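Asker: Position chain B against the provided structure of chain A, taking the given hints into account.
Protein chains: 2
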Amino acid sequence: MDDPLSSTFAALADPTRRAILERLAGGDATVGELAEPFAMTLPAISKHLSVLERAGLIAKDRDGQRRHCRITATPLKSATSWLEEYRRHWEANLDHLDAYLTRIQGPASPTSPGAPTTATTATTSHPEDQS
Amino acid sequence: MDDPLSSTFAALADPTRRAILERLAGGDATVGELAEPFAMTLPAISKHLSVLERAGLIAKDRDGQRRHCRITATPLKSATSWLEEYRRHWEANLDHLDAYLTRIQGPASPTSPGAPTTATTATTSHPEDQS
Numbered sequence: 001m002d003d004p005l006s007s008t009f010a011a012l013a014d015p016t017r018r019a020i021l022e023r024l025a026g027g028d029a030t031v032g033e034l035a036e037p038f039a040m041t042l043p044a045i046s047k048h049l050s051v052l053e054r055a056g057l058i059a060k061d062r063d064g065q066r067r068h069c070r071i072t073a074t075p076l077k078s079a080t081s082w083l084e085e086y087r088r089h090w091e092a093n094l095d096h097l098d099a100y101l102t103r104i105q106g107p108a109s110p111t112s113p114g115a116p117t118t119a120t121t122a123t124t125s126h127p128e129d130q131s
Numbered sequence: 001m002d003d004p005l006s007s008t009f010a011a012l013a014d015p016t017r018r019a020i021l022e023r024l025a026g027g028d029a030t031v032g033e034l035a036e037p038f039a040m041t042l043p044a045i046s047k048h049l050s051v052l053e054r055a056g057l058i059a060k061d062r063d064g065q066r067r068h069c070r071i072t073a074t075p076l077k078s079a080t081s082w083l084e085e086y087r088r089h090w091e092a093n094l095d096h097l098d099a100y101l102t103r104i105q106g107p108a109s110p111t112s113p114g115a116p117t118t119a120t121t122a123t124t125s126h127p128e129d130q131s
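Quick mapping for you: the protein sequence lines, in order, are chains A and B.
Residue numbers for the first sequence, in the working numbering: 1 to 131.
Residue numbers for the second sequence, in the working numbering: 1 to 131.
Calculated from the structure, these hints are not laboratory results.
Please read these numbers as outputs of a predicted model, since none were measured by experiment.
Any given hint could turn out to be false.
[Claimed, not checked] Cut-off 30 Å, straight-line C-alpha distance, at most; resulting in silico cross-link-like pairs (BS3-like, lysine-lysine):
(1) A:K47 / B:K77
(2) A:K77 / A:K60
(3) B:K60 / B:K77
(4) A:K77 / B:K47
(5) A:K47 / B:K60
(6) B:K47 / B:K77
(7) B:K47 / A:K47
[Stated by the list, open to error] Calculated from the model, a selection of chain B residues having no Cβ within reach of chain A, i.e. all distances over 10 Å:
(8) P43
(9) Y86
(10) R103
Just so you know, even glycine gets a beta-carbon here, dropped at the ideal spot from N, CA and C.
Looking at chain A on its own, in the form it has when it is part of the complex (with noise of 0.2 Å):
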């Protein structure tokens, strides 16, 4: 888990630090104001902070006593940058497949480019139940 992509990924991967960025992404906060909402103790928070910053989401300028935290914006646009490139292969991949299938099938109805029924074919993935 060493690479940027998956440290990334792996901080993204808990609700409290996706809070943490999100609170952040209104504005800079002290690692006081950050704990507040959470019913947390100050070092619970800063290892959570520790997970961002060494992900590169979040980074900490000094203020005295005090350190605020902003957040960084890189790791999350090579995120955003992957599931956009793999959403692209995958529905070029659905295309394809409702390319086919119409071809098999015969065709019922004008194919309009892009419609949304194409899209959702495969996403009849089993509910997640996860107690």
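Answerer: Just chain B now, kept in the frame of chain A:
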């Protein structure tokens, strides 16, 4: 790490698992076919596939002895939505900062709405060097 979004990001936090998804984006494959490009044992690949399956990112269809894997889209959509929503928040925050800086520094040149220069302000994070 039980919520679906955390499971998705955790599953994506590994280069082998991302490569498996990229391969499956090109079409369904058997476990053996998926293992081929990796210098890994079948049990090691199976473990990665289990993580992807638990996160709902792939599904397995039995075809006699062979098991075909295919990707499922819903969790990736949630992950992409979260990143996009977050980026929207964050960019709005940058726009406010930009407007504030323009106000205190005085107008230098006519600002074009949504100019990319705004976004580059905070991208000067430390380059990741996690060797």
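Asker: Are the Cα atoms of K47 (chain B) and K47 (chain A) separated by 30 Å or less?
Answerer: holds, 28 Å
Asker: Would the hint linking K47 (chain B) and K77 (chain B) be met if the CA-CA limit is 30 Å?
Answerer: holds, 24 Å
Asker: So is R103 (chain B) really clear of chain A, every C-beta pair being over 10 Å apart?
Answerer: Check passes; 16 Å lies beyond 10 Å.
Asker: At 10 Å, judged by beta carbons, does Y86 (chain B) keep clear of chain A as stated?
Answerer: For Y86 (chain B), whose nearest Cβ neighbour in chain A is about 6 Å away, the distance does not exceed 10 Å, so it is violated.
Asker: Keeping to a limit of 30 Å between CA atoms, is the pair of K47 (chain A) and K77 (chain B) held or broken?
Answerer: With a Cα-Cα distance of about 29 Å, the restraint between K47 (chain A) and K77 (chain B) holds, given a limit of 30 Å.
Asker: Quick one, are K47 (chain A) and K60 (chain B) close enough, alpha carbons at most 30 Å?
Answerer: Measuring from Cα to Cα gives roughly 37 Å; hence the hint is violated.
Asker: Starting from K60 (chain B), check that the Cα of K77 (chain B) is at most 30 Å away, please.
Answerer: Holds, at roughly 20 Å.
Asker: Next pair to validate is K77 (chain A) with K60 (chain A); report whether the Cα-Cα distance is within 30 Å.
Answerer: holds, 20 Å
Asker: K77 (chain A) and K47 (chain B): Cα distance at most 30 Å?
Answerer: Status holds; Cα separation ~29 Å.
Asker: Going by Cβ atoms, does P43 (chain B) stay more than 10 Å from chain A at every point?
Answerer: holds, 20 Å
Comparing the model with each numbered hint stated earlier shows that hints 5 and 9 do not hold.
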